[in-house]
Amino acid sequence: MNEIIHKPNLGILDRDLSIAESGKVISEFSPYLEDLCNFASNALVRCQLSLKDTEGTPASLIYLYYHVIQMVDGIQVLCARACFSAAIPLLRSLLEASLSIDFIIADDYKSRSAAWLVSHYLGKLRYLESIFGQDGTTPKIDILKLEDKFHKETEFTEPDPKMVEKRIKHYRDLLSKPKFIDVATQLQKGKGIRKWFSLNKGPTNIEQLARELNRPLHYEILYRRYSEFSHAQDASRIIEADENKLFFVQMRSANDANEVLALSSGLFLIATRQFLEKFRYEEKTDELLRKIVRRHRIKNHK
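Going left to right, the sequence shown walks through residues 29 to 330 as the working numbering numbers them.
A few of these clues could be false.
With a Cα cut of at most 20 Å, we get these calculated DMTMM-like pairs of lysine to aspartate or glutamate [as the list claims (entries may be wrong)]:
| no. | residue 1 | residue 2 |
| --- | --- | --- |
| 1 | LYS177 | ASP188 |
| 2 | LYS194 | GLU248 |
| 3 | LYS152 | ASP130 |
| 4 | LYS52 | ASP284 |
| 5 | LYS306 | ASP170 |
| 6 | LYS306 | GLU186 |
| 7 | LYS229 | GLU240 |
| 8 | LYS312 | ASP130 |
| 9 | LYS205 | GLU287 |
| 10 | LYS194 | GLU183 |
| 11 | LYS306 | ASP135 |
| 12 | LYS180 | ASP170 |
| 13 | LYS306 | ASP130 |
| 14 | LYS138 | GLU305 |
| 15 | LYS168 | ASP188 |
| 16 | LYS138 | ASP284 |
| 17 | LYS138 | GLU83 |
| 18 | LYS80 | ASP284 |
| 19 | LYS207 | GLU311 |
| 20 | LYS223 | GLU287 |
| 21 | LYS207 | GLU193 |
| 22 | LYS312 | ASP136 |
| 23 | LYS190 | ASP170 |
| 24 | LYS223 | GLU305 |
| 25 | LYS306 | GLU124 |
| 26 | LYS229 | ASP210 |
| 27 | LYS152 | GLU193 |
| 28 | LYS152 | GLU183 |
| 29 | LYS80 | GLU311 |
| 30 | LYS152 | ASP135 |
| 31 | LYS173 | ASP188 |
| 32 | LYS306 | ASP284 |
| 33 | LYS138 | ASP210 |
| 34 | LYS306 | GLU31 |
| 35 | LYS197 | GLU183 |
| 36 | LYS223 | GLU240 |
| 37 | LYS52 | ASP42 |
| 38 | LYS52 | ASP210 |
Just so you know, the hints here were simulated from the structure itself, not pulled from any lab data.
Keep in mind the model is a prediction, meaning the values are calculated, not measured.
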């Protein structure tokens, strides 16, 4: 076993103290989020097994809800160790998945569910073509390595050209399905790939999407306010001032604890209700979720 010889600077990174100071909120929310993830993982499989003859493109919602569970599971693990700020990028990703589920279910389900999946296919196809060429047999890694200041000599394990070619063909075949052709054409009008939710004169950005869904506060709090931090442009979470002196903030500060955990669980409940009411409406989702909330004595969660 490798020995850790360096000790952290406790003024910046005091793991034990941070966990102790956040003990109350961690003990309240950590098992609650874990219980929600456990419930959701089983619900996801139940829904996936009941999709036969379902209209539209249900795979879009299946993928999005899987992502919701994955993000909340990651948030739970980070917050159990008092890594609240580090969970913020996951929280933003959770918001985007929640907004996507909301938008697909809100109206024109058939078109919107197809648009999300087609956008996914187009993105994967364009990436493969940009790195391995249109035919998948002319990799550009060697050219890119010449331009890279860190990896000129790095040996990358490149995928089998035949496998790449097969994957490119696979995505092209999927996009050529009758129910996807028109959607793919519309999403590729102009340069690049349009936002999938902009189809049929829909919103053109996340802010418009949130406002159309009557969720402007989610955008302002979780997306715009956290944007600088997620893109490493927010020094206010790093430095604080006290009597004209500057000092580093504890990396595992509890300042964001309640907000991150409450918003995460709130978004999770919203997405779960919408997802299950779409595919398993007979399960009385609200009642099932209320039982979890009451069991953990969580306040202000309906």
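Original post:
If you check each hint against the structure, which ones fail?
Top reply: Of the numbered hints, 1, 2, 3, 5, 6, 9, 10, 16, 18, 19, 20, 21, 22, 24, 28, 30, 32, 34, 35, 38 do not hold.
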